[in-house]
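Chains A and B, in that order, give the protein sequences.
The numbers in the first sequence follow the UniProt record's numbering, run straight up by one, and end at 404.
The numbers in the second sequence follow the UniProt record's numbering, run straight up by one, and end at 225.
Any given hint could be a false lead.
[Unchecked claim] Here are a few chain B residues that sit away from chain A, every Cβ distance over 12 Å (derived from the structure):
hint, residue
1, E134
2, D175
3, E176
4, E208
[To be verified] Here are some chain B residues pointing at chain A (derived, C-beta under 10 Å):
hint, residue
5, F27
6, A50
7, D56
8, L85
9, P97
10, G113
11, L140
[To be verified] One-sided and incomplete, this derived list gives chain B residues near chain A with beta-carbon spacing under 10 Å:
hint, residue
12, L54
13, K57
14, D75
15, G76
16, N80
17, F92
18, L95
19, L110
20, R112
21, R192
Because the hints were derived from the structure by calculation, they are not lab data.
The C-beta atom is built at its ideal place from N, Cα and C for all residues, glycine as well.
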Amino acid sequence: MKIAVQLAWKIIKEKRKRAFLLAVSTSVAALLLFTSYFFIHSLNTSMTAIDGRLGADVIVVPSGMGMYAGENVLSSSVSKVYLDEKEVMGKLNNIEDIKEISPQLFLHTISTSCCGTDGDFPVIAFDPANDFTLKSFMPGIQQLEADEVVIGVNAGGDRFLYHYDDEIIKEKVKLFFEPFHVKNILFPTGTSADETIFMRLDKARQLIHNVDALAHISSTDLSAIFINTTPHNELFVKQQIERDISGVDVVLGSGLRSKIEKQMLPLKLLSYVMIVVSLLLTLLQVITLFSALIRERQKEIGMLFALGVLKRHVYQLLLCEAAIVSFIGSSIGVLVSLSVLYDRQTLLYMIFQLPLVFPDLKTTLFISFFTVSTITICTIIAALFPLQSFFSREPYEVVREGES
Amino acid sequence: MITFEGVNKEYWLNRKRSIKALKNVNFNVNEGEFISIIGPSGSGKSTFLALASLLDKQTSGEIVIDGKKTSHLNDGERTNLRYNLCGFIFQFASLLPALPVIDNIMLPLLLRGEKRSLLEKKAKNILIQVGLTEEHASHLPYQLSGGEQRRVAVARALLKDPPLLFADEPTSALDEDTARDLIHLFHKINDRGTTIIMVTHDKDLAQEGTGLYEIKAGKLTSIMV
Ligand SMILES: Nc1ncnc2c1ncn2[C@@H]1O[C@H](COP(=O)(O)OP(=O)(O)O)[C@@H](O)[C@H]1O
Ligand SMILES: [Mg+2]
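Construct the entire structure; sequences and hints are all you get.
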């Protein structure tokens, strides 16, 4: 085996032009396979994340506000009616089927300029530690500091994107006479979160005391409480809350999750189809190319049989050639698509406007390895096709046919 | 060493038409002989050589090599017998164009798992025996003349010391002097005990062996020298 690899490598080096075409076709196939696998992976990760909080199962709002309750943030038409945290939270904590509770407080809609974008932006406070509604739209949101805010894409976020991965540029925005750093932007959500500026709840409660415009809010007020329940118990939880707590509206989430999943399905299917097609194409391409190469070298092959080389050793040599070329080709393909994908990460965010979560290093390595080995194995299988015609033939026949 | 008993070879062109390339051939060669075979082109000389060296299978009849009947052997057994007993020099250029001379010579043995380091010295020796130099070892086939390439093919056939050497028109496409040198080399090899069967169309060269046969339209006849 070692000698077959050595000899194959010598042959490839000497006949570079011949190997080139095979290498190119495998690298194109690897590029396709890697990219589509990469996107599928990103989509799946994003989906899982979205699943986490996209749309609370149950939303608790002050009485009369039920019709305005949004899926993951307060809708912008919030009025100045509040829930009392002390009264509500304790009771909610006693309901068994509640899994997660995430409170939000609407402060004010301010007209300001944020990251060079002018507009009226609702400012909402949330509790990063308990949040499940926003976290998948922004990795690392749990680490939000008191003097930092997170902004939606339409609240200047699209501008921020241009230097998304630039750590040095820090945008600042002044809210309620205090400066805040823009820590990051949310991926587009398609909800009113896209226009919103988010800050920490504890910071907001500090501000209440100092800012006249917020004087009407008391330090235990909340605007809405988003709740995730154990599976299939939404209705049951809603009934319990309505029974136990007075003065609130309880709204069921609209099943945004399944809606999004349905929307994602064609994209996912497309990627899977791309994977299958790219593999089939590789197989076909390699079969065609290799058949031509084998035909061209048939005399050589027959000669080896004639010299008493066992058929399996001849196949080993030729398959080594195919495998080496394909390994190199597909590695190049993966490297090219890797560099394009990562180099243009920000661009991709902007094009797709989707919460694409890029795979971490380990997963990326895995996908690379998967791609290279799949393409290489496919090439070996494809290369077997033209060789198989020699299985049952006499060397002299092979040589004579290869001569003409 | 090799015995043909009523051997026929028929090539099927399609389902209905066939060519009878060898007809009821009986033949025997003993160890140490140097047999020449002559005949017009298309008469079946190459076919005969291919059958004798197990490169092809007869349609009927028996071929006995080194005391072994070969008609019922499977592909692997035939390959091994060929590897162990036969060296073959083709009528045409037969080197792997992508490999240097030394690798070409050692290729069959390397693929059988023999150590490169052990073979290399012997291969270079043989290179000198066939009239080339050690410098040729790293050349690629296209960098050699036709005669030199033929010599490399001879060296490749000799490396595993086969008791039987087959040569199909080894002097074709060679000039007269080069051809003479090559035949001279064959005689040296034959003197060391290797049995040689050579196809040629050069009547003068053919006279020099220990036996002479002629094939005409698939029929083999012995010509007394
Ligand atoms: N593979 C083959 N298929 C069909 N006919 C063949 C094949 N090989 C040889 N023949 C025919 O068999 C006859 C003998 O061929 P060959 O042994 O090559 O002749 P020679 O070597 O004496 O010139 C020729 O008529 C040739 O056309
Ligand atoms: Mg011939």
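Hints, verified against the model:
{"no.": "1", "hint": "E134", "verdict": "19 Å, holds"}
{"no.": "2", "hint": "D175", "verdict": "23 Å, holds"}
{"no.": "3", "hint": "E176", "verdict": "26 Å, holds"}
{"no.": "4", "hint": "E208", "verdict": "26 Å, holds"}
{"no.": "5", "hint": "F27", "verdict": "18 Å, violated"}
{"no.": "6", "hint": "A50", "verdict": "4 Å, holds"}
{"no.": "7", "hint": "D56", "verdict": "4 Å, holds"}
{"no.": "8", "hint": "L85", "verdict": "9 Å, holds"}
{"no.": "9", "hint": "P97", "verdict": "8 Å, holds"}
{"no.": "10", "hint": "G113", "verdict": "7 Å, holds"}
{"no.": "11", "hint": "L140", "verdict": "7 Å, holds"}
{"no.": "12", "hint": "L54", "verdict": "9 Å, holds"}
{"no.": "13", "hint": "K57", "verdict": "6 Å, holds"}
{"no.": "14", "hint": "D75", "verdict": "7 Å, holds"}
{"no.": "15", "hint": "G76", "verdict": "7 Å, holds"}
{"no.": "16", "hint": "N80", "verdict": "7 Å, holds"}
{"no.": "17", "hint": "F92", "verdict": "7 Å, holds"}
{"no.": "18", "hint": "L95", "verdict": "8 Å, holds"}
{"no.": "19", "hint": "L110", "verdict": "5 Å, holds"}
{"no.": "20", "hint": "R112", "verdict": "7 Å, holds"}
{"no.": "21", "hint": "R192", "verdict": "21 Å, violated"}
The structure does not agree with the numbered hints 5 and 21 stated previously, though it agrees with the rest.
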